[in-house]
Amino acid sequence: MDHQEIMAKIAETMVDVFDVDDLEVTEATSADDVEEWDSLSHIRFVITLERLFKIKFRNEEIAELKNVGDLARVIEAKLAA
Amino acid sequence: MSDEKAAALRVLLAPLPETLVIAEAVLAAWPDHAAYLLKSFGARSPEMLASTELAATAARKLMAGNEARFAEGYRWTCDQLRDEEIFFHREGRYRLSTFAEADAEVYSNHDYMSRYVDGLLLSQILWFNHAGTFEMFANRVLAAADAPFDYLEIGPGHGLMVYLAARSPLSRSLAAWDFSAVSLRETGAALATLGVDKPVSLVEVDILKAEAPDRQYDLIVISEVLEHLEQPEVALAFLRKALRPTGRIFINVPLNSPSPDHIYLVSTPEELTALVEAAGFKVERLEMFATQGRKIESALAQRISVSTGIVAVPASNDRF
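Keeping their order, the protein sequence lines are chains R and A.
My numbering puts the first residue of the first sequence at 1, with every later residue one more than the last.
My numbering puts the first residue of the second sequence at 1001, with every later residue one more than the last.
One should not assume that every hint holds.
Unchecked claim - Calculated lysine-lysine pairs in the PhoX-like style (CA-CA distance at most 25 Å, straight line): (1) A:Lys1295 / A:Lys1241; (2) A:Lys1282 / A:Lys1241; (3) A:Lys1282 / R:Lys66; (4) R:Lys66 / R:Lys54; (5) A:Lys1039 / A:Lys1295; (6) A:Lys1241 / R:Lys66.
Rather than coming from a laboratory, the hints here were simulated on the basis of the structure.
On a predicted model such as this, the values are computed, not experimentally measured, just so you know.
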């Protein structure tokens, strides 16, 4: 799965988890840009990504990953590992 | 972004000076928490803001100038809860399931407990769900008393609810029980600091093992306790016997609320009602307060913590 495919899946997941219709997602999109992306929904968001990509984040990663580009890169690295 | 949220929070809390001091201490320790706090306070009714200020005034007395330490404890506690939250959403259950496990990890761990207890005191003011059940207790449980009452609380913690009950001119006697002598000593010290001038009977009792109560009470409170027990039904059955036929019990249980020492998971209000009714109570009032004031339906669907306050009365004087 390449970076663009991962980005697309993350964007789909965001629409679903944050329950928003129009969401323009870029590498730079962060929790500051999405009102519904807060500390609570963040956990559900990353756990949903774990299930989707069949990977597991470390708890520290979950706390630190707040930007879509970083999330995509970590997922890409875990899929390649 | 955090600066804008913090500025908006300061405007919102300007009429609540004691609450604002606590929020400032937390913002100093944890600037990124501003967005969470803004949502949590922005969702409160005027009544809830007023009861929050009352709790904050009491909490400031207990903090005795150590706001920074309490703020650090709060941040640390939230970190622990985040890890539990991750486990809960992955596995669909609380991580620990026995009292012995919780005792080993939390209750008997002095360093853990001291920070955790500090953090939980601030959560009474900072979390919408905790502030919600506190307001319910003040305005629709205590204020609904229309005759002198004998009060019993199980697991009084920092003593804020005993303190409120003592302020009621109708409280005739006050008792607080806990299974831990250490916790009871801390409750006693807190009540003295808060200036409670009515006598409070502090008794070491494990209601899971206690024999039949030797007397009855008009108002029993068990708030944020049942989720810490392996057998909450045994505790409720005991309290049913300790409640006068004309009495009321206030039960507060958080649904889907992973915490290091929560071992009994209740997922829905129906499940909680069934637990209470099975012990011989009739539920008269049920109110729910979701984290950050979210809509209840969506919080339940997403398994986000919802504090649930129940007022119940004896179901039938004949059967029990």
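* Are there hints from earlier that the structure breaks, and if so, what are their numbers? -> Hints 1, 3, 6 not satisfied by this model.
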